[in-house]
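Q: Please build the complete structure, drawing on both the sequences and the hints.
2 protein chains.
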Amino acid sequence: MADNKKKVEQITSMDEDFAKWFTDIVKKAELIEYTSVKGCMVIRPYGYAIWENIQKILDTRFKELGHENVCMPMFITESLLNKEKDHVEGFAPEVAWVTYGGSEKLEERLCVRPTSETLFCEHYSNIIHSYRDLPKLYNQWVSVVRWEKTTRPFLRSREFLWQEGHTIHETAAEAIAETERMLDVYADFCEQALAIPVIKGKKTESDKFAGAVSTYAIEALMHDGKALQAGTSHYFGDGFAKAFDIQYTDRENKKCYPHQTSWGVTTRLIGAVIMTHGDNNGLVLPPAIAPTQAIVIPVAQHKEGVIEAATALTEQLKAAGIRAKLDASDNSAGWKFAEYEMKGVPVRIEIGPRDIENGCCVVATRHNGEKTVLPLEGIGDAVKAKLTEVRDGLFARALANREKRTYDCKTTDEIKEVLEKNGDGFIRAMWCGSPECEKKVKELTGVSSRCIPFGIEHNGDKCVCCGKDADTLVYWGNAY
Amino acid sequence: MADNKKKVEQITSMDEDFAKWFTDIVKKAELIEYTSVKGCMVIRPYGYAIWENIQKILDTRFKELGHENVCMPMFITESLLNKEKDHVEGFAPEVAWVTYGGSEKLEERLCVRPTSETLFCEHYSNIIHSYRDLPKLYNQWVSVVRWEKTTRPFLRSREFLWQEGHTIHETAAEAIAETERMLDVYADFCEQALAIPVIKGKKTESDKFAGAVSTYAIEALMHDGKALQAGTSHYFGDGFAKAFDIQYTDRENKKCYPHQTSWGVTTRLIGAVIMTHGDNNGLVLPPAIAPTQAIVIPVAQHKEGVIEAATALTEQLKAAGIRAKLDASDNSAGWKFAEYEMKGVPVRIEIGPRDIENGCCVVATRHNGEKTVLPLEGIGDAVKAKLTEVRDGLFARALANREKRTYDCKTTDEIKEVLEKNGDGFIRAMWCGSPECEKKVKELTGVSSRCIPFGIEHNGDKCVCCGKDADTLVYWGNAY
Chain L
357 MADNKKKVEQ
367 ITSMDEDFAK
377 WFTDIVKKAE
387 LIEYTSVKGC
397 MVIRPYGYAI
407 WENIQKILDT
417 RFKELGHENV
427 CMPMFITESL
437 LNKEKDHVEG
447 FAPEVAWVTY
457 GGSEKLEERL
467 CVRPTSETLF
477 CEHYSNIIHS
487 YRDLPKLYNQ
497 WVSVVRWEKT
507 TRPFLRSREF
517 LWQEGHTIHE
527 TAAEAIAETE
537 RMLDVYADFC
547 EQALAIPVIK
557 GKKTESDKFA
567 GAVSTYAIEA
577 LMHDGKALQA
587 GTSHYFGDGF
597 AKAFDIQYTD
607 RENKKCYPHQ
617 TSWGVTTRLI
627 GAVIMTHGDN
637 NGLVLPPAIA
647 PTQAIVIPVA
657 QHKEGVIEAA
667 TALTEQLKAA
677 GIRAKLDASD
687 NSAGWKFAEY
697 EMKGVPVRIE
707 IGPRDIENGC
717 CVVATRHNGE
727 KTVLPLEGIG
737 DAVKAKLTEV
747 RDGLFARALA
757 NREKRTYDCK
767 TTDEIKEVLE
777 KNGDGFIRAM
787 WCGSPECEKK
797 VKELTGVSSR
807 CIPFGIEHNG
817 DKCVCCGKDA
827 DTLVYWGNAY
Chain W
357 MADNKKKVEQ
367 ITSMDEDFAK
377 WFTDIVKKAE
387 LIEYTSVKGC
397 MVIRPYGYAI
407 WENIQKILDT
417 RFKELGHENV
427 CMPMFITESL
437 LNKEKDHVEG
447 FAPEVAWVTY
457 GGSEKLEERL
467 CVRPTSETLF
477 CEHYSNIIHS
487 YRDLPKLYNQ
497 WVSVVRWEKT
507 TRPFLRSREF
517 LWQEGHTIHE
527 TAAEAIAETE
537 RMLDVYADFC
547 EQALAIPVIK
557 GKKTESDKFA
567 GAVSTYAIEA
577 LMHDGKALQA
587 GTSHYFGDGF
597 AKAFDIQYTD
607 RENKKCYPHQ
617 TSWGVTTRLI
627 GAVIMTHGDN
637 NGLVLPPAIA
647 PTQAIVIPVA
657 QHKEGVIEAA
667 TALTEQLKAA
677 GIRAKLDASD
687 NSAGWKFAEY
697 EMKGVPVRIE
707 IGPRDIENGC
717 CVVATRHNGE
727 KTVLPLEGIG
737 DAVKAKLTEV
747 RDGLFARALA
757 NREKRTYDCK
767 TTDEIKEVLE
777 KNGDGFIRAM
787 WCGSPECEKK
797 VKELTGVSSR
807 CIPFGIEHNG
817 DKCVCCGKDA
827 DTLVYWGNAY
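Those protein sequences? They're chains L and W, same order as listed.
When we follow the working numbering, the leftmost residue of the first sequence carries the number 357, and every step to the right adds one.
When we follow the working numbering, the leftmost residue of the second sequence carries the number 357, and every step to the right adds one.
Hints were generated in silico from the structure; no laboratory data involved.
Honestly, I wouldn't trust all of these hints.
Note that the list lumps identical chains together, so a pair holds whenever it fits in one copy or between two copies.
20 angstroms max Cα-Cα, derived PhoX-like pairs, lysine-lysine [to be verified]:
1. Lys760 to Lys582
2. Lys818 to Lys796
3. Lys492 to Lys383
4. Lys582 to Lys798
5. Lys674 to Lys419
6. Lys383 to Lys412
7. Lys441 to Lys383
8. Lys798 to Lys777
9. Lys582 to Lys558
A: This is the structure:
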């Protein structure tokens, strides 16, 4: 077990330094590698396979709901970016500008897309003429660039991968329904596939997407009590349509402005998975997105029949639709245990001579270290059931952490006390709705508004800051 | 049929103006739309669905052969691009340069990747230490940017989508085998899935990829007799490894330079499909990549039972694994016929009251306009067989066109005569190997060397240009 120890010692403990623990994991689990371009990273095969699994699940869901994939250019002319006032103010300070093509200076500089509303709008204005052309339910899987000062892998990088949905509708009601529907898709994906519980809600005015009428978000709580925005869905009204002169002829033959939405999730979700489920032995992956769901490790593999039995077992698992892998390499069992723990493989299956004799194998679950002896007969279904158990166990643990770290507060002093005593977490507190109070809460306590949750009871009737009447409950937190 | 006529009249005839016919199709079949950024286009849902089908087939094949997907940054620092002399000379004149991040001028400018050898090399130098780390078989699906002066959708655009495989091996032999293997994968894909016959061969020295020891390519002949390079596979030797200081400790504990390859195909393949199979009624898609393989059109759909029968038929086709769609919209049958002809849907199925009575339907194949009456019982298998017929028919027709347009020539005068008489095509002629003769053939006749084909007999023993001894057969052509 010397190798095992060595490997585990390489990770900083999460209690000692959570930030360092995080970067240790992204490197040691071989998710990313740094490059000479600051804030840009290589997503390595293991990290990219996780992203491909996320893509597969979401893309299938988007298409079931009638969305179609498209691909917009990565460049936006400066004049196009400038068309919607709020939008350009929000994004211009953080875009990368292309000024030369080869050795020639461009007549007009181009920004590398930080998001693609302007491109979609230009396109809509070319292809939408009549109500018959509506709705358009579009999506694209691309990378975008935002020139961040401080960068961290997956959480905040200058280039990141995402999907951006862009839809356009006849009526405001239809567009709002789409905004809500896609927020629900994201929430369901996070909870079911990633086993991350989320709060669905609305952003305050100060925290809206640049150019949106309203922004909805899902907010998750990480292991360290910090909040992470896991996905957003925006309703644009007809603001962009007016700025880009997109009009259609309606059923009464009148010219009208259509209503738009956009919504997105990013590779940040991988950061959320790490910080929600990971532990001091490394990554812990929810089964739905794990590149390998079950790793089979032969014990005493030099003995007759062991490799054969392990191979047969692996094939049985694959036939049951499980992403199973056999590691019959000459590394020690200890090394293998540590390696697949680091990589967060949900289920490890050991099979040795005695197991073969007894017609069984040992199934260990990564997230809680529990071992069960299971018969080889029907092992496919048994491991599938285990994977469901793993997802449920991860979700329950993350939910318990969030509940433990969610505090109801009546005053800013109370917020300060709670945070001092318990560390970061979600603060639930009433708010009068004034931007001044929102700002002051941040100044006094450090937490910012995360969202105004949907369908949750009030926990008081006075603003946590000014003490005046308040009928809006807000989740506050220290955010990534 | 008024609508039908109208639609068809909108396309320029291919015999009248092939270039205009091409751009008419990409617009009218709704594959792309132009944007305000010159040379960059929107790939619309129908075009992108074709690309997704191409991706699915190739990605599956790459993974079966052990390749893993990764994602490199889109930016390359100028100093990194400069590391390999030939490479930078080849690409620097046509890259887009980012010089500002927000309002701050960058200390070092960044180019938007025109290709990613330099990024892969930097990464390899970080992760490869021992022979145990080899080989690495990587691929990525991204877009790249080359600042072309003259642009055309799919054929030559400033941004285009592609996959770039990058592999690194212990030995030259292994890397060469990989280069050849991937050329075979491309050739097989083009012939089987796209129904485009290709010539496999090696590029001449003057036409190699910047930084490669040798470049292999597959060359296709378009309907108008012009050549199109459909995919390339490069062997790098250890040149990049030396430039980027990538070394590994071999089995004898010695430091060695590894050997590399790269290979790619692009959205250009969609251009190749259009120009190989398309006709004056629009696009003609090979079944493997057609977003809709069979369109079901109810005839006299207001009559009782027609929509129901057409729906049942569509479901039967889907159950057989066919990408089938029903168009029960209130557009006229004539409009529908023209629409799906324009979109190149391989098989159209008509079903009306009389067909239902007779328990059959009418199956029309797009590429040759043939109609067959087929029984509804077992229609799934029958249509699958039709789709195979369509692929075979397309391939045979494309091959016949290529054979008809391939000419053996002994002198440059003969080349000129042949081209003048027949228009563009492949010229097969011997070459002495001197770059001067290669250049002179181009000057005198207009055709450039396309490739030195593998495994094809000589058609003479004297150079087509200088008349000296020659033992290399070359395919020459006027290329896209």
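Q: From the Cα coordinates, with 20 angstroms as the cut-off, is the pair lysine 383 and lysine 412 best called within, between, both, or neither?
A: Neither. Shortest intra-copy (24 angstroms) and inter-copy (29 angstroms) distances fail the 20 angstroms Cα cut-off.
Q: Using 20 angstroms as the alpha-carbon threshold, which applies to lysine 818 and lysine 796: within, between, both, or neither?
A: Result: close within a single copy only, 15 angstroms intra versus 87 angstroms inter.
Q: Using 20 angstroms as the alpha-carbon threshold, which applies to lysine 674 and lysine 419: within, between, both, or neither?
A: Classified as between; 16 angstroms across copies, 27 angstroms inside a copy.
Q: Are the CA atoms of lysine 798 and lysine 777 at most 20 angstroms apart within a copy, between copies, both, or neither?
A: Classified as within: same-chain Cα gap 18 angstroms, cross-chain 80 angstroms, threshold 20 angstroms.
Q: Check lysine 582 against lysine 798 for me: Cα-Cα at most 20 angstroms, and say if that holds within a copy, between copies, both or neither.
A: This pair counts as within: shortest intra-copy Cα distance 14 angstroms, inter-copy 66 angstroms.
Q: How do lysine 582 and lysine 558 come out at 20 angstroms by Cα distance, when the copy is not named: within, between, both, or neither?
A: within (18 angstroms within a copy, 57 angstroms between copies)
Q: Within, between, both or neither: how does the pair lysine 441, lysine 383 come out at a Cα-Cα threshold of 20 angstroms?
A: neither (41 angstroms within a copy, 32 angstroms between copies)
Q: Go through the copies and call it for lysine 492 and lysine 383: within, between, both or neither, with a Cα cutoff of 20 angstroms.
A: between (41 angstroms within a copy, 18 angstroms between copies)
Q: Classify it for me, lysine 760 with lysine 582: is the Cα-Cα distance of at most 20 angstroms met within a copy, between copies, both or neither?
A: within (13 angstroms within a copy, 70 angstroms between copies)
Of the numbered hints stated above, those contradicted by the structure are hints 6 and 7, listed in ascending order.
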